[in-house]
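K.L.:
Sequence:
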Amino acid sequence: MMKLPVKGIIPPMITPLLENKELDLSGLNKLVNHLVDGGVHGIFVLGTTGEGPSLSYEVRKQLITETCRIVNKKVPVLVGITDTSFDGTMEIANHAKEVGADALVVAPPYYFPISQEEMGDYLESLLPLLPLPFMLYNMPSCTKLHLSIEVVRRAKELGAIGIKDSSGDLTYLYMLIEEFKADPLFSVIAGTELFLPETIMNGGHGAVAGGANFFPKLFVDLYNAAVDKDLEKIKSLREQVLKIHKTIYEVGEYSSRHIKGTKAALLAMKICEDHNAEPLQRFTEAQRSLIKEYISQFNYKNEYNSIH
1 MMKLPVKGII PPMITPLLEN KELDLSGLNK LVNHLVDGGV HGIFVLGTTG
51 EGPSLSYEVR KQLITETCRI VNKKVPVLVG ITDTSFDGTM EIANHAKEVG
101 ADALVVAPPY YFPISQEEMG DYLESLLPLL PLPFMLYNMP SCTKLHLSIE
151 VVRRAKELGA IGIKDSSGDL TYLYMLIEEF KADPLFSVIA GTELFLPETI
201 MNGGHGAVAG GANFFPKLFV DLYNAAVDKD LEKIKSLREQ VLKIHKTIYE
251 VGEYSSRHIK GTKAALLAMK ICEDHNAEPL QRFTEAQRSL IKEYISQFNY
301 KNEYNSIH
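All residue numbers for the sequence shown refer to my numbering, where the first residue is 1 and numbers rise by one.
Worth flagging that the hints you see were computed from the coordinates, not collected in a lab. All the pointers check out, no bait thrown in.
Derived lysine to aspartate or glutamate pairs resembling DMTMM-like cross-links, with alpha carbons at most 20 Å apart:
#	residue 1	residue 2
1	K3	D183
2	K156	E178
3	K61	E22
4	K61	E19
5	K270	E285
6	K30	E66
7	K97	E66
8	K217	D228
9	K74	E98
10	K217	E198
With beta-carbon atoms standing in for the labels, derived distance ranges:
#	residue 1	residue 2	range
11	L170	E91	31 to 41 Å
12	K246	A182	37 to 47 Å
13	K97	K144	27 to 37 Å
14	G88	K144	13 to 23 Å
15	E22	T84	18 to 28 Å
16	A182	S148	12 to 22 Å
17	E117	T84	11 to 21 Å
18	Y254	N202	24 to 34 Å
19	Y57	Y254	19 to 29 Å
20	S56	K270	18 to 28 Å
21	S115	S236	41 to 51 Å
Backbone N, C-alpha and C define an ideal beta-carbon position, used for all residues, glycine too.
Input sequences plus hints: build the corresponding full structure.
P.N.:
Structure below.
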């Protein structure tokens with residue numbers, strides 16, 4: 001049984017792909033070990049940063065299987081099962097259970113616009129069938145639905161162990177923390193990495209931080225500083241996170257630049273390839289060179305990373 005509450009730094013792991021869009025197995029092995037060695041508290045596969053909905057079921061299943069094998073129970077593995085199809089959602093959920101994943105992550109199906117009430121009904125149908133503990137995932141920019149507190153409450157009654165909030169709405173995040181603070185086992189996890197200190201110091205539990213793909217130790221240190229309420233340390237570490245946002249995340253002009261930039265950073269660090277799943281394409285040579293230059297400006301190669 002997974003230890004509750006879910007907490008700490010849980011990177012939304014990218015999916016390392018080869019040019020032919022098959023799984024980059026060597027890169028995956030290096031990436032998972034890089035994350036675990038960096039001290040992360042869990043790994044979340046097939047989220048937005050992992051390009052989950054863009055991958056074939058075959059690649060999704062292979063990614064879950066291989067990640068669970070490499071992690072080997074050192075940290076919990078959480079699996080995104082969100083799909084437009086109910087059966088597709090269940091297929092991935094059941095596979096995750098079979099190969100040793102620890103928890104599932106559920107966002108609204110993302111094609112037809114649905115109401116809060118319809119989302120509640122969907123959860124009533126889906127959640128009792130899930131074979132593992134599950135968290136909710138609020139990702140309105142990709143799903144068209146900003147989960148209401150009422151829907152989250154309904155999910156909790158159906159057994160949800162927490163929520164990952166990627167709305168970018170700090171007021172909503174505080175409302176979630178306030179609403180569920182009476183249950184210390186229900187996790188409120190920030191999807192916006194810059195909100196990490198506020199989340200922890202106000203009673204939340206952690207962050208699904210995309211930047212932890214390449215600098216896991218930086219985010220683990222920031223989490224620990226927030227737990228310790230070490231304001232001086234929080235300030236200096238947050239400056240480094242802001243630097244990531246001003247450099248690596250600012251290459252390219254489309255919103256997909258976060259995913260592409262993260263993959264390009266991992267390529268620059270010789271961890272894995274940087275190919276994307278369609279419809280996304282990887283950065284141009286000039287953009288990749290820029291990312292490489294930015295990565296070299298951080299002194300974390302030695303201090304923060306297992307990759308030298």
